[in-house]
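*Asks:* Work out the full structure: start from the sequences and follow the hints.
Keeping their order, the protein sequence lines are chains A and B.
Following this note's numbering, the numbering of the first sequence begins with 1 at its first residue and continues without gaps.
Following this note's numbering, the numbering of the second sequence begins with 1001 at its first residue and continues without gaps.
Source of the hints: derived by calculation from the structure; they are not laboratory data.
Since the model is a prediction, treat every value here as computed from it, not as a measurement.
It is possible that part of the hints are untrue.
[Said to hold, decoys possible] Facing chain B, from chain A, some residues (calculated, C-beta under 10 Å):
| # | residue |
| --- | --- |
| 1 | PRO96 |
| 2 | PRO98 |
| 3 | ARG124 |
| 4 | ALA166 |
| 5 | ARG169 |
| 6 | ALA172 |
[As the list claims (entries may be wrong)] Label pairs and their in silico Cβ distance ranges:
| # | chain 1 | residue 1 | chain 2 | residue 2 | range |
| --- | --- | --- | --- | --- | --- |
| 7 | B | SER1246 | A | SER80 | 35 to 43 Å |
| 8 | A | GLN35 | B | GLU1150 | 17 to 25 Å |
| 9 | A | GLY145 | B | ALA1022 | 52 to 60 Å |
| 10 | A | GLN35 | B | ALA1091 | 48 to 56 Å |
| 11 | B | ARG1097 | A | GLY90 | 40 to 48 Å |
| 12 | B | PRO1098 | A | GLY127 | 39 to 47 Å |
| 13 | A | ASN151 | B | SER1007 | 23 to 31 Å |
| 14 | A | ASN201 | B | ARG1164 | 30 to 38 Å |
| 15 | A | GLY127 | B | LEU1248 | 21 to 29 Å |
| 16 | B | GLU1150 | A | ASP188 | 20 to 28 Å |
| 17 | A | GLY159 | B | LEU1232 | 41 to 49 Å |
Using N, Cα and C, we set each Cβ at its ideal position, and we do this for glycine too.
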Amino acid sequence: MKVLPSRSSEVATPGPARQPATAMIEIDHVSQVFQTSARKDHLALSDISLTIEDGAFVSILGPSGCGKSTLLYIVGGFVSPTSGSAKVKGKTITAPGPDRGPVFQEFALFPWKTVLGNVMYGPRQQGVRATEAEAQSRALIEMVGLKGYENFFPKELSGGMKQRVALARTLAYHPEVLLMDEPFGALDAHTRTRLQNDLLNIWERDRKTVLFVTHSVDEAVFLSDKVVMMSRSPGRIRQVIDIDLPRPRRRTELLLDPRYQKYVVDIERMFDDIDEAGVNP
Amino acid sequence: MTSRALSTDVLLGLLPIALLIALWQGLVSFELAPVALLPPPGLVFSRLLQQLVTFSFQQEIIATLFRLFTGFLIAVALGVGVGMVAAASPAINATVRPLVRVLAPLPKVALYPALLLLLGFGHESKIALVAADALFPILLSTYYGASTVEQKLIWSAMAAGTPRREILLKVVLPAAMPSILTGCRIGLVISCIVVFLAEMITSTDGLGHVLITAARTFQAVDMFVPLITISLLGLILNALLQAARSYLLRGFPEA
Ligand SMILES: Nc1ncnc2c1ncn2[C@@H]1O[C@H](COP(=O)(O)OP(=O)(O)OP(=O)(O)O)[C@@H](O)[C@H]1O
Ligand SMILES: [Mg+2]
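*Replies:* Have a look at this one:
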């Protein structure tokens, strides 16, 4: 296993052979301080530097409260960092934009819109004509396996179906980067596995850059080219691990693969270390 | 809700009303109240039917409804508008908040004499009173709904390319709709009460005026007719609002 420090300049190109890697996201010495009522200043992220190449699938792993969501929100442009900067395609991020599409654990679907209405929202905002936006959206809904549910409201869907709609809604405006914050965290194990497979299939097809936050070591290793391990209080990058496993990946094959098993065990050990360190920092 | 469950609900809702009328009939039948003061329900309802087809009574109803609707709609426009803007802008919130704190608990009917002097004895003074009374529940529930919209709905829309200035109309307003409509419902009930009250205090027409005229001449039956009419109107208006609500909130979990 190749373990690399978090310095962006030293991070190697991960995964299978691809065109010369260009940086899609550059996080440069980002720190985030929150004012809280209990503790006056809380350092949620401390000096984070990370470069994510175009088309890479990168997971962020770390204990609860280590700042994973905060880091994702900074890249999304929803939160601006206290210091340092984040760039997408070389441009400093100052606001949300359709080049970066979020998918949240809570789905955040518009309850007043149907499945079709939710998916069409992005293309319509981008100025796509209604008929065209509808055709595209119907195709996307079919792709995420929800054909026939176009006129359902989110409340009439199961959690897994809602998350498929949320993914379709984000894919509909063609973001170059997907920002996924524990998207499958609220789902049962079976649904989670199916959605992981579907996400990988979609990713294999158009190779978007994905920044994926998760609690699950398993999920991170299965999906990613690179796993970023964070530690808590303050949130720091502990290690960046390249996951050198062949693609396309099949879950059933991987589970038997000793390399996969070793990644999972090694990262879980690292997790334990971080947890112990977290108790007595 | 299925139509079957709905009709069961309607039946259950009619039960206490039927009991009330039975109690009323009982009071009269057992001579617990003098007929001159409490006429039997049958007499009142048959007089109501007689009255409903007369042009003059219809004019009274129209006067009352016109004041009720105009006042209510002004309250909705103002309440939703100010509530939304206050939720969106801390500066406007800071400006509006003390004013609302002072005016909301004020009994608006105390303003009525002033409104009469200012706007005259016609529609305007009554409309103004209705609007003033219905405004605050609508404003407060709009403000509450708009300021508790889930942040990630707003983020999702912004990432999809919605400019910041359009977020209020495209996300906050629809997301706050359950709360806004609850405020409207309270506002509508208040409007019914206040328009009647205003007409009872000083008016030359309207259902409240009909009641006061009958009371002054000890016409007990004619006193009950406008009372029943305003209750029925309230019932119908509430049903209409409820229908609008079920349609507008058909996607929301709690509706
Ligand atoms: N808006 C905020 N105001 C104050 N403190 C905040 C805010 N958002 C996050 N924090 C703090 O920053 C730290 C990191 O939060 P964050 O949500 O990024 O963690 P996380 O790694 O995503 O946790 P989890 O795995 O539980 O989702 C936490 O200690 C949290 O209390
Ligand atoms: Mg989080």
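*Asks:* Confirm or reject each hint.
*Replies:* Hints, one by one, checked against the model:
The interface hint given for PRO96 (chain A) holds, since its Cβ lies 4 Å from the closest Cβ of chain B, which is under the 10 Å cut-off. Interface hint at PRO98 (chain A): satisfied, since its Cβ lies 5 Å from the closest Cβ of chain B, which is below the 10 Å cut-off. A hinted interface residue such as ARG124 (chain A) counts as satisfied when its beta carbon comes closer than 10 Å to some beta carbon of chain B; here the least separation is about 9 Å, so the hint holds. Interface hint status for ALA166 (chain A): upheld, as the beta-carbon distance to the closest one in chain B is roughly 8 Å, under 10 Å.
Using the Cβ-Cβ criterion of 10 Å, the hint placing ARG169 (chain A) at the interface with chain B is satisfied: the shortest such distance is roughly 7 Å. The restraint placing ALA172 (chain A) at the interface with chain B holds, with a minimum CB-CB distance near 8 Å, inside the 10 Å limit. In this structure the hint that SER1246 (chain B) and SER80 (chain A) lie 35 to 43 Å apart at CB holds, the actual value being about 42 Å. For the pair GLN35 (chain A) and GLU1150 (chain B), the beta carbons lie near 22 Å from each other, so the given range of 17 to 25 Å is met.
For the hinted restraint 52 to 60 Å between GLY145 (chain A) and ALA1022 (chain B), the CB-CB distance of approximately 58 Å keeps it satisfied. Between GLN35 (chain A) and ALA1091 (chain B) the C-beta distance comes to about 21 Å, which lies outside the given range of 48 to 56 Å. Between ARG1097 (chain B) and GLY90 (chain A), the C-beta spacing of about 44 Å keeps the proposed range 40 to 48 Å intact. One distance hint, 39 to 47 Å for the beta-carbon pair PRO1098 (chain B) and GLY127 (chain A), holds here, with the actual separation near 43 Å.
A hinted range of 23 to 31 Å for the beta carbons of ASN151 (chain A) and SER1007 (chain B) is consistent with their spacing of about 26 Å. Distance hint check: the CB atoms of ASN201 (chain A) and ARG1164 (chain B) are about 35 Å apart, consistent with the given range 30 to 38 Å. At about 27 Å, the beta-carbon gap between GLY127 (chain A) and LEU1248 (chain B) stays in the expected band of 21 to 29 Å. A beta carbon spacing of about 23 Å between GLU1150 (chain B) and ASP188 (chain A) agrees with the range 20 to 28 Å that was offered as a hint.
In this structure, GLY159 (chain A) and LEU1232 (chain B) meet the distance hint of 41 to 49 Å, their C-beta atoms being roughly 46 Å apart.
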